[in-house]
Amino acid sequence: MCVKWVASASDLLVDPATRTIDAGRAHRAISEYDRNTVEAARVVAGHVGGDLVGLTFGGPEATPALKEVLARGADRAIHVVAPQGARIDGHVTAHALAAQIGRIGDVGLVLCTEGASDTYAHETGPRVGELLGWPVVTNVRELGVEGTTLHAVRVLGDVLETVECELPAVVTVVPEIGPAPIPGLKALLGAGRKPSEQVPVGDLGLPDHALMPRTTVTSLLGFVAQRKRIRIADGDAREKVAALMSGLAQEGVL
Amino acid sequence: MWYLTEDREAVLTTVREFVRTEVAPQAMEIDRTNAFPLDLFKRAGELGLLGVTVPEEFGGLGGDQTTHALVLEEIAKSLPVLTVAMGAHSLLAGGLIEMIGTTAQKSRYLAPAASGDIVLACGSTEAVGGDNQVEFSTRAVLDGDEWVLDGGKVLISNIGVADVYVVVAVTADHVDPVTKAGLSAFLIPAGTPGLGVGRPEHKLGWHGSATGSLSFSGCRIPKENLLGPLGGCLPAMFVSATAEFLSCGPVSLGIAEGAYELALAYSLDRVQQGESLFDRFQVTRHKLVRMYAEIESLRALVYSTYAERDRGELCLAQGRLLKVKGAEVSEYVAREAIQLFGGVGTVVDTGVERYWRDAKVMAIGGASVEALMDVIAGLIKRRLA
Ligand SMILES: Cc1cc2nc3c(=O)[nH]c(=O)nc-3n(C[C@H](O)[C@H](O)[C@H](O)COP(=O)(O)OP(=O)(O)OC[C@H]3O[C@@H](n4cnc5c(N)ncnc54)[C@H](O)[C@@H]3O)c2cc1C
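So the sequence lines, in the order shown, correspond to chains A and B. When the letters of the first sequence are read in order and numbered with the working numbering, they come out as residues 1 to 254. When the letters of the second sequence are read in order and numbered with the working numbering, they come out as residues 1 to 385.
Just so you know, not all the hints are guaranteed correct.
[To be verified] Here are the simulated EDC-like cross-link-like pairs (lysine to aspartate or glutamate), alpha carbons at most 16 Å apart as the crow flies:
hint: 1; chain 1: B; residue 1: Lys360; chain 2: B; residue 2: Glu370
hint: 2; chain 1: A; residue 1: Lys186; chain 2: B; residue 2: Glu56
hint: 3; chain 1: B; residue 1: Lys287; chain 2: B; residue 2: Glu261
hint: 4; chain 1: B; residue 1: Lys223; chain 2: B; residue 2: Asp145
hint: 5; chain 1: A; residue 1: Lys186; chain 2: B; residue 2: Glu9
hint: 6; chain 1: A; residue 1: Lys228; chain 2: B; residue 2: Glu9
hint: 7; chain 1: A; residue 1: Lys186; chain 2: B; residue 2: Asp143
hint: 8; chain 1: A; residue 1: Lys186; chain 2: B; residue 2: Asp64
hint: 9; chain 1: A; residue 1: Lys186; chain 2: B; residue 2: Asp7
hint: 10; chain 1: A; residue 1: Lys186; chain 2: B; residue 2: Glu261
hint: 11; chain 1: A; residue 1: Lys194; chain 2: B; residue 2: Asp269
hint: 12; chain 1: A; residue 1: Lys228; chain 2: B; residue 2: Glu56
hint: 13; chain 1: A; residue 1: Lys228; chain 2: A; residue 2: Glu197
The hints are simulated quantities; they were obtained by calculation from the structure and are not laboratory data.
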């Protein structure tokens, strides 16, 4: 399964004046939704057997992701290391992950989360599937494997769709796939004893264009609640409520 | 932070998740109902939080003291009383078993205690002779193959939920006022005939600590339930109590941080005269800076002391100092936090005043800071600090 090392969204500080985001003091961990994915992968691997490999791509700062994914049940973990400060987008990420999955060999199922908790771009799984030439099943909330066939239930708004495909395949799952138990300290501290590997992205033999980002982030601004500081002081209760209602309607709230 | 290693960061991630998803949602309710947080205690056991420093051979993690401190600090930010229950269980009672228990006793109690399968309590305090064990009147007399206990204890935490009580009793004609020889520790399983368990007191703070009385009336336990040397449990208690006093450092730090975070958020959010309290009033900003300064000083003291402890030092004086200083800082910060909230700070449902109540008990529960100051003074005088 593929996991992403991110800054915890709840720790981001937004400067109310400039709306710029300070992630400097934010706690880092694997993306919140990835935890559900790892657990789902652990359950599937428990049923069908086989090695559960955690895979992450990112700068050197992402190395602790390996321990977390190992603590959550992976048998081994691989960090494809991007150079410090390298620009990474969905295109680069997918190439790096797909190339490493190819190197692992004999992979039956790749699990990604539908979206990461920082960018929520919904693109990594489908891109990886496309690069590998494998079927892609998205928005999955139930998952099972029988022999070489994958059964999955997809969420389409209010509708559930059941699909099947032959393995190998790439599946992107939604958090409703199941809860992610908190790993105990024993598993956490024992994670360091499981095998893990760091592979510089340059060792994957990817062509230059694969590592060239296609998109550029030109600005990143937070939402800041703007207080209007309007006081409705005049009139009796009925008039105040009417003024409040019309004010909310004017703002487009009602 | 200089004391955070990769492993400790990973532990923090787990504890934070536990606190955010399981502890915090229950914190106010536990304070309101005074109910012992047994489900959270058991979960803490499942996650390995009750056995951080317990040797691996006895079912613990064999981890270091600093990691333990980080766990306590993080939990105390949300629910200090859970750390109180953990302290009575693993530091006071468990610590004593680990230090002076026989191999059979360690094997029998430490692993299930580390996993939370059993709850331990430690009963020392008596109605007469709180911090002064010389005056204890609970007695244990050997009768054939059994010890028979008579007497009573007060203000003991984890009562009613505990499966095993570690109890201190007089086993000599008199207790030596200097060496405290004549006191012994015993393991008393819950349900032993003659053991009476009172109702938890309704206290100022630490709601949910299940603190109350124990009585012993012809309470018979097997001879092998003597814990440690006959008449000589006090030196070990002095050391296990040190671990508990040390733990008051990170717990107090957590209490102070919990109150400070609430106060800071409120000061930035609450509008007075067209601006946030923070922007409007210099006095608000200065209060917060002072609170912050106290918290950071306490943090420095806590983690430098724990680093010493990890280097093998007993920290007899510094350990007690952590309780004294921690109680002072947490009480001050929590008190100022209430002040920054104004009127709503006094409303229980706001959730800030409970930090002050918990901080206040910190200065007494386990040992009063005045008694500890005297011990520290003695250590300073003998150049043992
Ligand atoms: C919430 C809570 C939980 C507790 N849990 C436990 C537990 O699990 N197990 C347990 O055994 N006990 C427990 N205790 C008891 C606690 O350890 C005692 O309350 C504490 O040691 C003080 O003893 P005391 O209450 O008898 O006060 P006293 O000894 O009567 O002291 C009263 C005051 O006199 C002063 N004083 C007393 N002795 C000295 C001294 N030597 N030097 C200077 N001043 C002194 C202090 O100001 C002190 O506050 C708990 C107490 C509380 C409040």
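Now the hints, each set against the structure:
1. Lys360/B <-> Glu370/B: Roughly 14 Å between the alpha carbons, so the hint for Lys360/B and Glu370/B holds.
2. Lys186/A <-> Glu56/B: 10 Å, holds
3. Lys287/B <-> Glu261/B: Holds - the C-alpha atoms of Glu261/B and Lys287/B are around 13 Å apart, at most 16 Å.
4. Lys223/B <-> Asp145/B: 5 Å, holds
5. Lys186/A <-> Glu9/B: 14 Å, holds
6. Lys228/A <-> Glu9/B: 41 Å, violated
7. Lys186/A <-> Asp143/B: 44 Å, violated
8. Lys186/A <-> Asp64/B: 13 Å, holds
9. Lys186/A <-> Asp7/B: 11 Å, holds
10. Lys186/A <-> Glu261/B: Violated, at about 30 Å.
11. Lys194/A <-> Asp269/B: Violated - the C-alpha atoms of Asp269/B and Lys194/A are around 46 Å apart, more than 16 Å.
12. Lys228/A <-> Glu56/B: This hinted pair is violated, its Cα atoms lying about 59 Å apart.
13. Lys228/A <-> Glu197/A: This hinted pair is violated, its Cα atoms lying about 53 Å apart.
Hints 6, 7, 10, 11, 12 and 13 from the list above are not met by this structure, while the remaining hints are.
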